[in-house]
Amino acid sequence: MAHYIVGTVKTAAGEVPKVSTALTAKDVFGSWLARWGVNRMHYGVPPGLYCVGDANPESPVVVSANYKMSFDVLRKNLAGLAAWILVIDTRGINVWCAAGKGTFGTDEIVGRLAEVDLAKVVSHRTIIVPQLGAPGVAAHEVSKRSGFAVVYGPVRASDLPAFLAAGLQAASAMRRVNFTFRDRIVLTPIELVGVLKPAVVIGLGLVVLQALGFDVLSLAVIYPYIGAVLVGCVVAPALLPWLPGRAFSLKGWLAGAVWTVVVAAIDNLYLPELSGWRNILIYFLTVPPLAAFLTLNFTGCSTYTSFSGVKKETALSLPLLGCSFLTGVVLLLAGLPGIW
Amino acid sequence: MGLRYLSGVVSLSIEQDKCRGCGRCTEVCPHGVFAMKGDKVSIIDRDACMECGACAKNCPFAAISVNPGVGCAYKVIMSALFGEKRSCGCS
Ligand code: SF4
Ligand code: SF4
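Protein chains in written order, with this note's numbering: chain A, 73 to 412; chain B, 235 to 325.
Don't read these hints as lab results, they were simulated from the structure. Note that this is a predicted model, so its numbers are computed, not measured. Cβ atoms here follow ideal geometry from the backbone N, Cα and C, with glycine treated the same way. Be careful, since some hints might not be right.
[Said to hold, decoys possible] Which residues of chain A face chain B? A partial, calculated answer using Cβ under 7 angstroms:
hint, residue
1, Ser230
2, Ala234
3, Leu315
4, Ser378
5, Ser380
6, Lys383
[What the hints assert, rightly or not] Pair ranges (Cβ atoms, derived):
hint, chain 1, residue 1, chain 2, residue 2, range
7, B, Asp279, A, Thr80, 46 to 52 angstroms
8, B, Ser313, A, Ala292, 34 to 40 angstroms
9, A, Gly120, B, Ser245, 49 to 55 angstroms
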């Protein structure tokens, strides 16, 4: 039995597992690993009905994705309350992404309501669906097909107690998605993990170049690009609201340009053999575009970019970034001591 | 929060005469795009729309249309390269 189950509650539709509202070290560590991409896609909770506290037929019903991290946040925020949690099968993916893919959707909710026989467990006919699930759920269809009215709950589980206390009313701030510093920072590890694979490929490419006689495998040559990766995956996302412009690629390019100035200064002071206008030009052609590209990829993590907007930005920026980067790489290889 | 994305790009539109003023769209929209004006709803902040599709999906009278999609560059690039609907690795 899963460690978060602390007992059972008898209902007219059978026994329902009762879950703890306190997270253990295991839950916290599991979330941390998932943020780094470890076991992230299989971090699930078995779908079905659960409860917290002394849930009775009048207690509210809250719907959750079966992503373990969402489920944990939900039960933690229900501490001290009595409620039912209907976990639907989203294949271990969080509400927002599952709603976009349609796995958090009308059919799954209607089917799961019937399977757990919720109509026998509770006397009321209302379910609270997280607002972020709305892109996948047609509330009016759920009520038509299941008899349960859908009320969209607040965006953040931490607002649930206030929402419940107010008689299922959400203040408008509870309905808004933010993208705070913390929201952005917790997403940066997965961005870094995302560049690991290409980094290995590029690393192998460098080994080949080295074997061919180009002197590329030195920290002095590589550190500007490691910095560009950190700028694009961590610094620019963290500083997003303060970087000028609206396009992610522009924000990332500017942050990368600042880093390039730092690199030029470092080289000038400590690596005189690498300083000089030619190298500064190469850095400007390669480092900011790399940072810009990685920042552009952060649109996928953001909570406010539209598909139409990203399509436009990508179509405009990618050719420019690509040309700049390739020109720089050609200049770089041509200038290295080696077979030329 | 001052985070705003590109302006004048989104595919959102509303047919006022179909709207019955139920308010569901104002409930589901995560970016405050709609507001009730009298007994109908209006778009008050169109550029804040992220095309999540929640409003169109939940309007019982099909008054709203939007081309829903994920604003993810990786996905845009992958589907341009491979011509298919690649799922992005988002969690
Ligand atoms: S959901 Fe549809 S009918 Fe209801 S207020 Fe919005 S547009 Fe009007
Ligand atoms: S598509 Fe989403 S963000 Fe845009 S108006 Fe509709 S609910 Fe709001």
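So, going through the hints one by one against the coordinates:
For Ser230 of chain A, the interface hint is violated, since its Cβ never comes within 7 angstroms of a Cβ in chain B; the closest pair sits about 16 angstroms apart. Violation of the interface hint for Ala234 of chain A is found here, the shortest Cβ-Cβ separation to chain B being roughly 16 angstroms, above the 7 angstroms cut-off. Residue-level restraint check for Leu315 of chain A is violated (minimum Cβ-Cβ distance to chain B is 10 angstroms; threshold 7 angstroms). Taken as an interface hint, Ser378 of chain A checks out: its beta carbon lies about 4 angstroms from the nearest beta carbon of chain B, inside 7 angstroms.
Contact between Ser380 of chain A and chain B, as hinted, is supported at the beta carbon level, the nearest pair being about 4 angstroms apart and thus within 7 angstroms. Checking Lys383 of chain A against chain B by beta carbon gives a least distance of about 5 angstroms; that is within 7 angstroms, so the hint holds. Remark: the range hint 46 to 52 angstroms for Asp279 of chain B to Thr80 of chain A is upheld by a beta-carbon distance near 48 angstroms. With their beta carbons about 39 angstroms apart, Ser313 of chain B and Ala292 of chain A fall inside the hinted range of 34 to 40 angstroms.
Between Gly120 of chain A and Ser245 of chain B, the C-beta spacing of about 38 angstroms breaks the proposed range 49 to 55 angstroms.
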